[in-house]
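> The listed protein sequences derive, respectively, from chains A and B. The numbers in this note's numbering rise by one with no breaks, and the one at position 104 of the first sequence is 225. The numbers in this note's numbering rise by one with no breaks, and the one at position 14 of the second sequence is 37.
Take the hints with a grain of salt, since some may be wrong.
Said to hold, decoys possible - Coverage of chain B stretches by chain A, computed from C-beta distances (three or more under 8 Å per stretch; other residues unrestricted):
1) 33-40
2) 84-98
As the list claims (entries may be wrong) - In the BS3-like style, the derived pairs of lysine-lysine whose C-alpha atoms are separated by at most 27 Å in a straight line are:
3) A:LYS175 / B:LYS82
4) B:LYS79 / B:LYS93
5) A:LYS175 / A:LYS165
6) A:LYS199 / A:LYS162
7) A:LYS172 / A:LYS136
8) B:LYS74 / A:LYS199
9) A:LYS165 / B:LYS74
10) B:LYS59 / B:LYS74
11) B:LYS93 / B:LYS74
12) A:LYS165 / B:LYS59
13) B:LYS79 / B:LYS59
14) A:LYS162 / B:LYS93
15) B:LYS80 / B:LYS93
16) A:LYS165 / A:LYS199
17) B:LYS93 / B:LYS82
For the record, the hints were derived by calculation from the structure and aren't laboratory data. The beta carbon of each residue, even a glycine, is placed where N, CA and C say it ideally should be.
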Amino acid sequence: EAGVTQFPSHSVIEKGQTVTLRCDPISGHDNLYWYRRVMGKEIKFLLHFVKESKQDESGMPNNRFLAERTGGTYSTLKVQPAELEDSGVYFCASSQGGRRLLYEQYFGPGTRLTVT
Amino acid sequence: GQQVMQIPQYQHVQEGEDFTTYCNSSTTLSNIQWYKQRPGGHPVFLIQLVKSGEVKKQKRLTFQFGEAKKNSSLHITATQTTDVGTYFCAFATIQGAQKLVFGQGTRLTINP
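Please model the entire structure based on the sequences and the hints provided.
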């Protein structure tokens with residue numbers, strides 16, 4: 122079974138430019154999460170999709186960030202325009218849906234974003 | 024909102040020594056999860072604890088959840104170089120998103 126994949130693995134852009142990150146969750150996983158880790162700090166939640174619907178985007182820093190999950194499959198996270206403080210590693214994670222209370226989240230390899 | 028504080032931030036040990044990282048909350052947690060992130064890698068789920076006083080073992084790793092469900096620890100016996108990485112505790116919110124709230128992580132380095 123393929124794991125969570127993310128593209129690109131690294132991205133270096135200049136302040137003011139736009140970047141789009143992509144996440145492909147494990148097939149069949151309804152839940153998709155975006156997290157970010159900035160410079161050795163804790164990993165912070167950004168948002169959560171159930172299938173194609175945004176359930177919680179309380180962690181999104183501001184309106185420069187836009188996430189979509191077309192058809193409930195892959196997801197994209199666009200940063201426009203990028204600022205220096207957006208640098209960090211962006212992780213995507215997925216988990217199963219259903220009645221069980223807690224599900225293990227499977228993380229992708231992350232996209233390291235550097236804004237110069 | 025609820026947070027978890029994790030200590031120490033860094034730990035350097037000689038290979039073969041033991042290692043412990045602690046996770047504390049000011050409020051009762053419904054669950055605690057532990058993840059390991061190897062250098063340059065991504066968080067990998069290790070275990071989940073949900074019961075008061077629960078203790079689980081995975082080979083040389085021992086995980087505990089406090090009686091009051093406000094603290095947790097991960098103890099590694101006789102560290103090996105393969106244990107190098109950052110260990111995170113986290114809890115999953117029960118309502119809504121079941122998003123993970125992470126501690127700051129403990130970075131473990133080992134002198135062979």
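> Compare the structure with each hint and give your call.
Results of checking the hints against the structure:
no.	hint	in the structure
1	33-40	violated (count 0)
2	84-98	violated (count 0)
3	A:LYS175 / B:LYS82	violated (39 Å)
4	B:LYS79 / B:LYS93	holds (17 Å)
5	A:LYS175 / A:LYS165	holds (17 Å)
6	A:LYS199 / A:LYS162	holds (22 Å)
7	A:LYS172 / A:LYS136	violated (32 Å)
8	B:LYS74 / A:LYS199	violated (40 Å)
9	A:LYS165 / B:LYS74	holds (25 Å)
10	B:LYS59 / B:LYS74	holds (21 Å)
11	B:LYS93 / B:LYS74	holds (11 Å)
12	A:LYS165 / B:LYS59	holds (16 Å)
13	B:LYS79 / B:LYS59	holds (16 Å)
14	A:LYS162 / B:LYS93	holds (22 Å)
15	B:LYS80 / B:LYS93	holds (20 Å)
16	A:LYS165 / A:LYS199	holds (17 Å)
17	B:LYS93 / B:LYS82	holds (25 Å)
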